[in-house]
Amino acid sequence: MPPQIAPKDFQTLLLTLQNYWAERGCALLQGYDLEVGAGTMNPATFLHVLGPEPWNVAYVEPSRRPADGRFGENPNRLHQHHQYQVILKPSPKEVQEIYLGSLRAIGITHEDHDLRFVEDDWESPTLGAWGLGWEVWCDGMEVTQFTYFQQAGGFECRPVSAELTYGLERIAMYLQDVDNIYDLVWTTYADGTKLTYRDVFHQNEREQSEYSFRASDPDRLFRLFNEYEAECRQLIERKLPLPAYDYCLKCSHVFNLLDARGAISVTERQGYILRVRKLAQDCARLYLATRARLGFPALRDRAKAEQEMERLKDLVK
Amino acid sequence: MDVVFEIGCEELPASFQKPALEWMREFFTGEMAKAGLGGPKQWSPFATPRRLAFVATGLPEGSTDATDVVSGPPVTAGAKAKEGFARKMRVSVESLRETDGRFVATVQTKGMATADALPGILEKMIRGIPFKKSMRWDALDGDAFARPVHWIAALLDGKPLAVKFADVKSGGETRGHRFLAPAAFAVPKAAKYLDGLRKAHVLADWAERKSRIAEEVARAAREGGGVARPDDELLETVTGLVEEPYAVLGHFEKEFLELPPEVLVSEMRGHQKYFAVQDAQGRLQPAFVAVSNTKVRDPAVSRKGYERVLRARLSDARFFFDQDRKTPLHSRVEKLARRTFMQGLGTELERVQRIRDLALWLHGATGKGQAAQISEAAELCKADLTTGMVGEFPELQGVMGRVYALHDGVAPEVADAILEHYLPRGAEDRLPQTDAGALLGMADRLDQLVGIFGLGKEPTGTADPYGLRRAALGLLRVTLARGYRFDMQEALRHADELHGKSVGGKVWQFLLGRLEVLFRDRAQPDSIQAALHSGAHDLVDLEKRLVALQTVREKSRAQFEATAAAFKRIGNILAQAREKGFAAMGFSPDKLREPAERALAEALQKGRERVQAAISDKEDYLGAYAVLAELRPVVDRFFDGVMVMDPDPSLRDNRLALLRSLHELFSPLADFSRLQVEKSA
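Chains as they are written, first to last, in my numbering: chain A, -13 to 303; chain B, 186 to 866.
Don't read these hints as lab results, they were simulated from the structure.
Hints may contain errors.
As the list claims (entries may be wrong) - What follows is a set of in silico ranges between Cβ atoms, one per label pair, in the way DEER data are often shown: (1) B:Thr512 / A:Glu254: 18 to 28 Å; (2) A:Thr174 / B:Asp483: 24 to 34 Å; (3) A:Val186 / B:Glu643: 30 to 40 Å; (4) A:Tyr197 / B:Ala369: 40 to 50 Å; (5) B:Pro579 / A:Gln4: 50 to 60 Å; (6) B:Ala369 / A:Glu193: 30 to 40 Å; (7) A:Gln4 / B:Leu442: 35 to 45 Å; (8) A:Gly87 / B:Lys354: 39 to 49 Å; (9) B:Ser396 / A:Pro283: 29 to 39 Å; (10) B:Gly243 / A:Pro283: 35 to 45 Å; (11) B:Glu211 / A:Tyr197: 43 to 53 Å.
To be verified - Here are the simulated SDA-like cross-link-like pairs (lysine to any residue), alpha carbons at most 25 Å apart as the crow flies: (12) B:Lys511 / B:His386; (13) B:Lys511 / A:Asn62; (14) A:Lys(-6) / B:Asp323; (15) B:Lys520 / A:Glu254; (16) B:Lys511 / A:Tyr197; (17) B:Lys729 / B:Ala750; (18) A:Lys79 / B:Lys520; (19) A:Lys264 / B:Gln528.
Ideal Cβ positions, reconstructed from N, Cα and C, are used throughout, including at glycine.
Please put together the full structure from these sequences, using the hints given.
Written out as structure tokens, the structure is:
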């Protein structure tokens, strides 16, 4: 493949990745319409990596991390950044090469850059999920988190999915050669005006930081946490894993807000993490059981589907 | 015969590579022996991020048929044992014979060609490598490996061996560098393996690659007018990250040199794996060396990348540094109340209060240091945990505490103690140079040990999740190195009180176990055992007793062994007497009958004061051993001429009492019953 021209603005970077993965047979989905801390929390990853059904998707995930907000003053940190998330299930044998092809597509080639796969194991205590893999370095900078999912919601992933999470702002800063996120060019208008990251997000960063660190009402957030948790529970009772999971995500986000506000003491912290994890695990169990009850319809290999249903029959009961 | 074996996989963690090779060697040698085949004449292990391999040369062609006669359990052990033995030997029960009251099996081993044995051994090897963490991937069923395996090469004298793992079948091909020589090519012959891979841009030999990196780094550092900061640990890590290294020099803005050097070094080596560059005096320069895995077209491009990442990190560090210094350490102490030290052990503030209490107690017991300094340093010693910098770089705890304390105008002695109380951080690390730092560190470790033992979370087997072995070793090393005299059991009791627990005894036993490890190179194991159980609870005293014991033992081995044996015998006699309920009490010179016992009583009487003075006043254990040596002929004559267990109870008890006082007099030297001595007196 010939080296391509590096995308010159943020949205061309997105489009290039979208094209690349679409050409390799991924369904292009969208980021979730609820607050999530990472693309992994989108049900298109967290729930879909469970069970035997194949799943190849790619999407941009706006990811909120209230504690990382810096009032728009830090050139490298954001309350909300964008991840490009790819799930390949099952993980193809040549996944590293396919991935490296995506870097080449955005102009990052091994002829010009020091590309390295450096051990980095991933674990999410709130999701009861873990995997092994690498952070991929381009000239010493982490450009992607590359994970072979081993467990999600406390369940073994069979088959194993490969998860690729690109940090888009970082990559864009590199490609555009800017030292400040807010100087990134998002796109160029028809009249030649450059729309910058500052134009699009700076006010949001200031306000969201103000909200996370100062303006939120911890008492109300604590009440919301309890309410969302209760709603999640009653939806689990009614065997509705997807709506239940939405409220699990709500709990997780409220927890992050409280944490950023410094409203959760160290001793309580672990307790809240465990509560969210419990919800996530229950949603995962219910989702898996529901797919099994449906007979894993997206799996064309029916013998394999039967086999997995048999293996999970205790879960279905 | 020569074997070339290579497992090719996706990038292995750097720290997994060398331990895997070690294991492979042991496994291979063991399995070959089990198959009746000898080991290789030469074994050469190779590891890179993408391969684990070895070349073994000089293997035998195979083994010949062999007949072994193996003797099993005694016939009296019965039918069950007989069956078990037959099963173990893989022979029929009927075929067992009886010789000299034992079952005997005749085991026939069929000779085996090395070529037939190897595939099984190699497959087992792939499955068996114990990685710290392993993963599953799709092609695997039940197996696991550190990262997905892509190829296996297995050749015996150039002919392929059939080895299978997951969906990979072995072949005769390998691959070179991921980017510079990605195509598969025939595995070179054993003698040419290294050379062939070198041509494919892979330096497979660890030592060669490591020294090439060192040269490359030195070259790049010279370009920057300096030398690389020596860092063997980083060198090892980088060796596990590249197959063919190229070093690139980079720079950062001079202003960042205002950051403490420890911060700069942590930023460079910790996450980025860059080598810091310093001048001849060891002062950091605004430069670094990154080691690339590829020779890129234009190093200026990747240099710019390396610099950009470091600049962002240093900017972050400077932000933390500036922010942190706005809040003095003293006013951070109260924030510790909001941090849990450990579930069940209260907050960091409560921990700090216990540490202060213990440190002051140690100060009282040893008479070292100044109370006011110790108290202030104790209060501040964990305050840096609340700083942004330590949040970002946990390894800088203590280092930042000292820097910030100096910035706040805290006395240098106190600031140093904050840093030093963490020392030594590992086996190779330096020890504290100030009393305040040493005492504080000891207090911290005592608190950890007693606290965590109190939760029932002491180390088990190889698992030591709270690092208690290291904590214990630190406590012992500091105490001994600084020659602090105090009763360790008392200190543990005090820590027990602070925790409301009573695990001091358990922790003491644990410390004794660690002392054994610490002294391992200085004396033989039974000497260590005997000295450690001599009854002292003052570590320095224990060490002196051990040194004396080992000195005497080495100087005149035969004589010492005889003396020790005599003492063991006395100990045994006294123990037996105790069991029988005999009273070894109330020695009376009037009851002495035999000349030999009278002589012993006299010699004991004469020696007593010298021994007591030597032991308790002067800790002159060698002097006490000298008296002991003088006494030995008298003791020997006593045993030759006197029957201790006389039928007359009063004579018997009197002799027992004589032996007991002799035994007691010398028992502070060592617990002789723990010595393994051959000769009996």
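Tested hints:
no.	hint	verdict
1	B:Thr512 / A:Glu254: 18 to 28 Å	24 Å, holds
2	A:Thr174 / B:Asp483: 24 to 34 Å	28 Å, holds
3	A:Val186 / B:Glu643: 30 to 40 Å	56 Å, violated
4	A:Tyr197 / B:Ala369: 40 to 50 Å	56 Å, violated
5	B:Pro579 / A:Gln4: 50 to 60 Å	39 Å, violated
6	B:Ala369 / A:Glu193: 30 to 40 Å	56 Å, violated
7	A:Gln4 / B:Leu442: 35 to 45 Å	44 Å, holds
8	A:Gly87 / B:Lys354: 39 to 49 Å	26 Å, violated
9	B:Ser396 / A:Pro283: 29 to 39 Å	59 Å, violated
10	B:Gly243 / A:Pro283: 35 to 45 Å	60 Å, violated
11	B:Glu211 / A:Tyr197: 43 to 53 Å	59 Å, violated
12	B:Lys511 / B:His386	52 Å, violated
13	B:Lys511 / A:Asn62	22 Å, holds
14	A:Lys(-6) / B:Asp323	37 Å, violated
15	B:Lys520 / A:Glu254	16 Å, holds
16	B:Lys511 / A:Tyr197	24 Å, holds
17	B:Lys729 / B:Ala750	22 Å, holds
18	A:Lys79 / B:Lys520	51 Å, violated
19	A:Lys264 / B:Gln528	20 Å, holds
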